[in-house]
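Listed here are the chains, written in short residue letters.
Protein chains: 2
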Amino acid sequence: MAVCEGKTFKFNNASIISFASVVGKVESDGPYGDEFDEVVEDNKGGAETWEQAEAQLQSKAFKHALSKANLTPEKTDLIFAGDLLNQCTGSSYGLKEFYIPFLGIYGACSTFAEALLLAGAMVNAGYVDNCGAVTSSHFSSAERQFRFPLNYGGVRTPTAQWTATAAGAAIVAPASKPPYIRAATVGKIQDMGISDLNNMGAAMAGAAYDTLSRHFKHMGTHPESYDLIITGDLGEVGSELLYDLFKRDGIALQKWHKDCGLMLYDREKQDVHAGGSGCGCSASMMCGHFLKRVQSGDLKRILYSATGALMSPTMVQQGGNIPGISHAVEICFN
Amino acid sequence: MAVCEGKTFKFNNASIISFASVVGKVESDGPYGDEFDEVVEDNKGGAETWEQAEAQLQSKAFKHALSKANLTPEKTDLIFAGDLLNQCTGSSYGLKEFYIPFLGIYGACSTFAEALLLAGAMVNAGYVDNCGAVTSSHFSSAERQFRFPLNYGGVRTPTAQWTATAAGAAIVAPASKPPYIRAATVGKIQDMGISDLNNMGAAMAGAAYDTLSRHFKHMGTHPESYDLIITGDLGEVGSELLYDLFKRDGIALQKWHKDCGLMLYDREKQDVHAGGSGCGCSASMMCGHFLKRVQSGDLKRILYSATGALMSPTMVQQGGNIPGISHAVEICFN
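Listed in order, the protein sequences are those of chains D and V.
Numbering-wise (the working numbering), the first sequence opens with residue 541 and increments by one.
Numbering-wise (the working numbering), the second sequence opens with residue 541 and increments by one.
You may find that some hints are simply not true.
Copies of the same chain look alike in the list, so a pair counts if it works inside one copy or between any two.
DSSO-like cross-link-like pairs, simulated, lysine-lysine; straight-line CA separation at most 27 Å [to be verified]:
1) Lys547 / Lys787
2) Lys603 / Lys547
3) Lys717 / Lys584
4) Lys615 / Lys547
5) Lys717 / Lys547
6) Lys565 / Lys795
7) Lys757 / Lys615
8) Lys608 / Lys547
9) Lys809 / Lys547
10) Lys787 / Lys757
11) Lys840 / Lys809
12) Lys565 / Lys608
13) Lys584 / Lys550
14) Lys550 / Lys840
15) Lys565 / Lys717
No lab work stands behind these hints, which were simulated from the structure alone.
Model the full structure from these sequences, guided by the hints.
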């Protein structure tokens, strides 16, 4: 059967002019703890509820990004934002105060890549002079929504991932300074037959494989063309599956691969099982760590393929699988 | 205070080459019942659950649109889709079978306008050769998720709206045939202080006013520049509020205004209170009725500003308001 190839979009006029990240206490205790712009020590950050606390993470991250770009909300043309909360209220509540044209997006934990991709596309095409990309997640709001109430005290399985309490924000604009968004490939929904809410890495590995493979093909590149290939939050289980899939093509992807979910926490000392997850996981690792390294030229060319499990507790309770998706964004120093 | 104006995007190379709609029994009994492409008589449409039935509505509508465009999934470059179900599973489950690059979006009941806007932008910029825009809603899946379980038998308030069981799908491509997407304005999140889950029209009216006003200003147009100004699902309460807001500017908007929520049902005979709502409401009215009239030249220029209540039962239970948003798309015969 003929398979849809889609397109890889190429951009020559989209730069990430600023980026910022805000994380919670557990994330600040991790190996990259001092790279984030702000740490919210208290789980509710002074808000009444976890959901409101998550909205504040987005607001804080976006404010940092605006400030670094010397930009005011009045001069900001557009925001793409999304999160894991029902009806994406982390974004709508977190960003309503800025009163900026807003397009809500949803790609589960792949949302930050979707936001960067669309921001790059809109800026590169000249529709807007600048565009924000913002996402968040919060351990406590996500656990009670997707799995169990925290006070139930359920035991987490070894394959379970830890939803990051974190937000990342970037501003994309036409500018002559790195990091540049040079290309992007939109993911396809992949159903690998996984129906375990605590095994999302497996649900997403096939999607990352498909998107990365198409990106390489369309760009005429190989893994060795990049300094790093970064996935969002495949975790330990999903990363191993991804290596297996590439191994069939004769590619040892592990040589170039980093997974944000495996980096955000110290898995020896922190009880996060198979690694971090959530829209805020790769958003904070990109905005806290990787984009700085591209900005400085330490990394010349990276491929960021965030991964999302398009899960719904309702559908899973009804016997449905968890489809995965992954969107790839190529970010370069030159 | 300076206020963000945003941009109105202008397109010269984006045509809606096909469009289709699928509705439920109640919608087919309404005044436009014979304009839709397919009627699913049974509330579950042969599926096991309402959620799966909603996913099928999207799949069916998209298949009709592909067929009318003589397009196969393999030749389709991109889809924007969204819905009201938690984690947008109406879209991810409904469209996964097509295996087409997919970008999930969320704008509550404004989602179809967001999808058309983004599809138009991506096609007009040349990133893709064609792009789908698909949304759905389902009365039964929405009621139990947002308000009460249906078998609870709660009495609906007079301001309550009826979530449409419907889906709409359009394919946008560069082509020299109407309807053309000529311009679009992204909405800002507006919080009017409404916190009643059964009074969404009021929550959305301010958003429609803001977006329409900015669109007129940026385009140098007035309401009389259009044959019709179509809102998504303000219903009776929200439409009256919208007229009040425009009246302050000396504009009698009611002369040009149609609201899909007030059209989809026969409100004399059908017990839908303040009108229809849901992502499928304006999607089915646009794809079933209005786009045909632009295609034939009966309508030369319309402005479609779908409206969404960015509500979450969790946030409302926590005392939060329901912010509204509205995205405008200008669709023309020439």
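Original post:
From the Cα coordinates, with 27 Å as the cut-off, is the pair Lys550 and Lys840 best called within, between, both, or neither?
Top reply: Answer is within: at 17 Å inside a copy they meet the 27 Å cutoff, but 35 Å across does not.
**OP:** Could you place Lys840 and Lys809 in one of the four classes (within, between, both, neither) given a Cα distance threshold of 27 Å?
**Re:** Cα proximity of Lys840 and Lys809: none, with 32 Å in one copy and 66 Å across.
**OP:** First find the shortest C-alpha distance between Lys757 and Lys615 inside one copy, then the shortest across copies, and answer within, between, both or neither for a cut-off of 27 Å.
**Re:** Close across copies (17 Å), not inside one copy (38 Å); limit 27 Å.
Original post:
How do Lys565 and Lys795 come out at 27 Å by Cα distance, when the copy is not named: within, between, both, or neither?
Top reply: Neither, since 31 Å and 56 Å both go past 27 Å.
Subject >> Status of Lys547 relative to Lys603 across identical chains (alpha carbons, at most 27 Å) >> reply: between (33 Å within a copy, 21 Å between copies)
**OP:** Evaluate Lys608 and Lys547 at a C-alpha cut-off of 27 Å and name the case that applies: within, between, both or neither.
**Re:** between (33 Å within a copy, 23 Å between copies)
Subject >> Lys565 and Lys717: within-copy, between-copy, both or neither at 27 Å Cα >> reply: This pair counts as neither: shortest intra-copy Cα distance 32 Å, inter-copy 56 Å.
**OP:** First find the shortest C-alpha distance between Lys809 and Lys547 inside one copy, then the shortest across copies, and answer within, between, both or neither for a cut-off of 27 Å.
**Re:** Classified as neither; 42 Å inside a copy, 49 Å across copies.
Original post:
How do Lys547 and Lys787 come out at 27 Å by Cα distance, when the copy is not named: within, between, both, or neither?
Top reply: Within one copy only: 25 Å inside a chain, 47 Å across chains, cut-off 27 Å.
Original post:
Taking 27 Å as the upper bound on the Cα-Cα distance, should Lys787 and Lys757 be classified as within, between, both, or neither?
Top reply: within (17 Å within a copy, 57 Å between copies)
Original post:
Between copies, within a copy, both or neither: which fits Lys717 and Lys547 at Cα up to 27 Å?
Top reply: both (26 Å within a copy, 24 Å between copies)
**OP:** Could you place Lys584 and Lys550 in one of the four classes (within, between, both, neither) given a Cα distance threshold of 27 Å?
**Re:** neither (41 Å within a copy, 43 Å between copies)
Comparing the model with each earlier hint shows violations of hints 3, 6, 9, 11, 13, 15; every other hint is respected.
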